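Residue numbers (our numbering), protein chains in the order written: chain C, 1 to 409; chain U, 410 to 578; chain H, 579 to 1142.
Please keep in mind that the hints were generated in silico from the structure rather than gathered at the bench. The structure displayed is predicted, hence computed values, not measured ones. Just so you know, not all the hints are guaranteed correct.
[What the hints assert, rightly or not] Which stretches of chain H does chain U cover? Using the computed rule of at least three CB atoms under 8 angstroms from a CB of chain U, they are:
| hint | stretch |
| --- | --- |
| 1 | 835-847 |
| 2 | 1035-1049 |
| 3 | 1094-1103 |
[As the list claims (entries may be wrong)] Mimicking DMTMM-like on lysine to aspartate or glutamate, the simulated pairs with C-alpha atoms at most 20 angstroms apart in a straight line are:
| hint | chain 1 | residue 1 | chain 2 | residue 2 |
| --- | --- | --- | --- | --- |
| 4 | C | 345 | C | 362 |
| 5 | U | 513 | H | 713 |
| 6 | U | 513 | H | 680 |
Ideal Cβ positions, reconstructed from N, Cα and C, are used throughout, including at glycine.
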Amino acid sequence: MKREPHVHEPPAWLQAVLSGQRAAIARLLSQVERGDRDPAALSAALAPHLGRAHVLGITGAPGAGKSTLVHALLGELLGRGRTIGVVAVDPSSPITGGAVLGDRVRMGRHGAHPDVFIRSVASRGHLGGLSKTTSAMIDVLDAAGFDMVIVETVGAGQSEVEIMRVADTRLVACPPGLGDDVQAIKAGILEIADVLVVTKADLPGAQPTARDLKDMLHLRAAAADGWMVPVIGVSGTSGTGIAPLADAIETHGAAAGRGRRLRHLATPAPHAAHEGPAARVRRLATLDPFVRALGISCTDAGPGMAVVEITLGPRHLNFNGTCHGGVTFALADTAFGLASNSHGKVAAGIDAHITYQVAANEGDRLIARATEVSRSRKLAVYRVDVARSDGTAISSFTGTVYVTQVATP
Amino acid sequence: MSNTMSSAARPPEGARAPSGGSDPHAAGERRGAIVPKVLVTKIGFDGHDRGSRVVAAGLRDAGMEVIYTPPWQEIAAVVKLALEEDVDVIGVSSLATDHLIVPKLMDALRDAGLGDVGVVVGGIVPDGEEQALVRAGVARVFHPGGAMPDIAAFVRELACQVRARRVAA
Amino acid sequence: MNKPVPGELLAPPSTDPQAALAAWQQDYAATVGTDKDVANRSGIPIKPLYTELDWDAGDRAAGLGMPGQPPYTRGIYATMHRGRTWTQRQLVGLGTPAQYNERLREILAHGATAISPIPCNSVFRGYDMDESHIELLGTCGTVINTWEHMDQALAGVDLARISCAQNDPSPFTLLAFMLAAARRRGTDWRQISGTSNQSDYLSHYVANHMFFRIALPGARRILGDHIEFCNRHVPRWNPMSVVGQHMQQAGANPAEAVAFTLCTAIQNARDCIARGMDPDQFLPRFTFFFDISISLFEEVAKFRAARRIWARVTRDLLGARDARSWRFKFHGQTSGVDLTRQQPLNNIARVTVQAMAGILGGLQSLHTDAWDEALSVPSADGARIAVATQNILREEAHLTDVIDPLGGSFYVETLTDQMQAEIERVMKIVEEAGGMYAAVEAGLVQRMIGESARRFQQRVDDGGQTVVGVNAYQVDEDSSARPINPRPDRAAMQAHLAAFQDFKARRSQDAVQRALDAMARAAGDTGDNIFGRVVEAAEAGCTHGEICRTLRRELGFGHVQAIV
C-alpha cells in the first residue's frame, strides 16, 4: 500500500538537506542563487527548521584580514567540536559580471575538514555589499543543521548595515593603524557591531587602534539588551586572541544572539506604524537645520511626493545678481530628500543631476515638486521640477537613493 | 627546470565578453544564459602557477565565476570543493607531468557523484598521453599557445552542457 | 663628381658627427616607410642607429675598467673565457639514482665539466617517495631521499675534482647527503666545490613557490646558518646563489630581474653582517644565477651593468675591502620561457642565441636547455645537442678568443648605461620599501612582476611580439612524429621504493631520533647551527622527508599567498 505523504513531512529534496547531505545542500544553494526556486515557497518550507544555528556576520574594510581571521576561528571552533557552514562573499566585476572567488582559499586548509562547508558567492553588484540571496543561503545552512554559520562579506566599509538583517552576532574587523580613520568609518558599522576585532594584533598600531575603538564605544548609545561590546586583539598568524574571541562570540550567541535575526525580520520599525507619509514629511522638514537656515518651507507632501518653496532674498544671490545655483540645487534636493524618506526608511542619496534652464532673480518665489519615478526594495529614483510662481520652468533635477533598513527619526 | 609559457594567437574577431546593461548577470540569466562556475586548480607536485593565474583572470574577464586554488591540492580536497561549490567545470593546470594523476581525480569525482562535472586540462601534455586523458573522461586538453578567447568559449560551452544535463536529471 | 682613386678609401660626405647623423636620418626617413617604435623587454626605447654621439669612447672608455679591474664592466677576471672557458654545467635529473648516474656519465663524456643533479618534484616539495603518488616519481628529476641515494647517483664522480652543484632549497638536505657520502668515501670536504643553487628563499617566495618549503623567518635563519657552516667547513662551496632566474621566468623584465636580485643579495649580506660575519669572509662565496632570454643585446648589457653596480655596492654599501668580494660571478641558464612547443626544433636556434648572449655577457658557467624542454623532460639526444651547442660556440665560432668583444660598441655601451639606470631605479623602489625582505613580505615585488608579465603577454596576444610558430609563421604540424619521452621504468622505481623501505628498517632508529631531536632543538636556539644539525641527521640516516617535516613543524610550513 502506498503511504500518503503526511502533510507535515518534508519533500525528499528537503529531507536530504535537513539530514545534512552535502550534495543536496550544494544543489539547493545553487537553486537559491540562480533563482530556480520560488523564494516564498522555499522560505515557508525552511521556516520550521530555522533558529538552531548561530549566525555570525563578519565584515570590515578591505585588507582588514577577514579571511585570515575566519581561518583562525575555524580552527578554534573545530577544536571545540562545532560544525560550521561558511558563506564567503566576493565582489563581482560590474563590467563583465565575472569574479574570482578567492576568500575560500584564504581560509586555508580547514576547507578540507569534513565538519566545514564553504560556499563562495559573487556579490553581483548588490549595493548593500551582500548578494541578494545570501540571506536565503544562510537559512539553508541553518536548516541543514550546522552549529554555526559564518557569513563573510565584501569589505566595502559602507552599508554593512545590511548584515544586521542576516546575522545574529555581528563582528567588525579593523586593521591596526586606523587612527584618525576611526572617525571616518561610517558610524553605521560601529553602531551595529556586537564584537570588535583588531586584526594583526602583533603589529605596533594595534594597541592605539584598540583604544580608539573603545573610546568610540563610550560615545555610542548603550545597546537595548545591555550587551557590552568587547574589543579584542587577534593575531591570525600567532593565534593570540582567538580563544577569547570565540568565547565572546559564543557568549553573545547564548545571551542575545541566536535566532535574533529572525525576530528582527518580524518586527516593524516603530514609527512607521503610527505616522502617515504626509505627516512624516512635514515633520522631517522641520528637523532639518539647513532647510531652516536657507528659508525653505514644505507646502505639500504625500507618499513619495514633496513640494517645497523659497522666496529669494539678497543672501541667495551670486556675484551676477541672480539666484545662486547652489540655492536652486538645495531646493530641489530638499524636495528629493523629503519625498524619498516619506516611506519611513532612511534613504541615502547616491546620485543626483541638475540642469539649469532659466536664471531666477531676487524676489522670485521658486517651487520644487518631487515625484517618485521608480522604487524597488533597494533603490528609488525621483524627479524634481523647479518652477517660478508664474509657471516658468527654472530647473530639472533627478536623483537616486539607496534605501536602508534604518527607520527615519 | 624550465617553464615554457609562449601563448596566444590573435583572438578571433568579435570575441568579447557580454556587456551592457546595469546588471550583466540579470541580463544574462534573463536571456537564458548561465554564469559558469569554474574551479582552476593544480594537483600533484608542480608549483608553476603563472599560467593557471592568467587563465583564472581570463575566465573572470569573460564573465565567469572562478574559484582559484594555489598548487599542490590534494585530490580529496578538490572533490570536496567541487561538490560544495557546485562547480560546472574543473580546469586542471599541469606543467610537469602532474597530468598523470588526473585519471585518479576523474575516479574520485565519479565516486563522489560528480561524474558529470566537466574537466579540462591545460599545460604540457605529451601527444602520446593526451588520448589517455580523453579516455579517462577529460573533455579537452589545451596546449601552450592556446588563445584565451578559445579557452573561455570552450569552457562556457562545456558548462552549459553540464548544466543542461543536470536540469534534465 | 670625382672618380674614386683605386686603393684609396672613399671619404664620407661629412666627418662632423652631428651633420653626418642628420644626413643619415634624412636618408632613413625617406626610405624606411612606416617605422615602428621599438622598445626592449626592460622598456628601453631602441633606436635604429647608435653613434659616438650616444657614447664617445674617448671620454668614457677608461671608465669601463679593464677586465678583472673594478668596476668590471668588461669582465670580472683578466683572462675571462680565453684563459679558462666557462663551466659547462648541465642540470640533469630523472628516475632512480642508478638511471641518473648513467645519464651523468654520458654527459661528462660529451664535454660537460661540472654537474648538477635535479631532484624529483616530490623531493622539491619535501616528501619521501613513500609519501607520494608513484606515477609522479622520477618524471622530472631524480628521487634522492637518503645519503645512500646520493652516493649511488654520484658513483664514479670524484667530488674533489668535479664541481657538483645542488639544486635543493632550504634546509639543503641534498648537500648534507653529498657531504655525508663524501665523508664515507674519505673525500676531504675542503676540496669540494659547487654551489647551493636554490639558497635564495626570497626568490622562491616571490616567483617559484615550488621551492618554498619553510616559512620566511625560518628560511632566513637557516640560510644564515648555511652560509656560516659552509664558509667554515666547506670553504670552496658557494652557499649563496642569488637567483634572478625565477623572477625573470615569472615575468620580470631583465632590468627588474637584476634589480630584485641585487637587492636580495644586499639583504642577505646585511643579515650576515648582523650575525657578526665580515663581508670579505662571505661575499667571495656569493654567486648569482640568471635567466638568459633571447633578447641578445639587452642581456649582454644587463650583465655588464650588473657587474658595475655590484662592484660599487659591495665596496661602498657593504664595506668589503677585498677585490674578491666585489666580483659579480654568475651562472646563466638559457630561458625556457622563450621556447615553444610548436615547431620545437626551432628551439635549437633560440638556445644558441641565448647562449651567445650569456657568453658575450661574461658568465662564469652556463646551462643550455634541450630543444624538447617544452615537451617534457629532455631526451638524451636533446641533452647532447645542448652541450654540443656550447662546444660549437666556443670552438667553431671562437667566442672565447676575445674578451668582451661587444665592448666599445656605441649601442652596447649606451644600452649598458641605460640598463644600469633602469636597474638602479627599481633598486631604489625596493630600498625605500625597507629592503628586499620587507618589500617581499608586503607583496610589492610580486605586484611589479605580475604587471610586467601581463604587459608581455599582452604584446604576444596583440602580435606586437612575434613568436615564430605561435602567433606567426604557423604551419600544420604532424605531432604524431614527435618523440615520446619514456616514463620512468615502473619496475625500477618500485625496486627503488623497496630498497628505501629496507634502508629505513636497517638504520639505527635511536640515532635517527636523536639526530631529529637535536635538529628540532637547534631550530629554537639561535646559538646553534641548524644546517650543521641537518648534516648530522643526514649522516645518521635520516631521510629527506623526515628532515623537512621536522623543520617545517618547528619553523612553520612555507605557505605562499595566491594572488590572481
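Now for the hints, and whether the structure bears them out:
no.: 1; hint: 835-847; in the structure: violated (count 0)
no.: 2; hint: 1035-1049; in the structure: holds (count 8)
no.: 3; hint: 1094-1103; in the structure: violated (count 0)
no.: 4; hint: C/345 to C/362; in the structure: violated (36 angstroms)
no.: 5; hint: U/513 to H/713; in the structure: holds (10 angstroms)
no.: 6; hint: U/513 to H/680; in the structure: violated (32 angstroms)
Taken one by one, the earlier hints fail for this structure at numbers 1, 3, 4 and 6, listed in ascending order.
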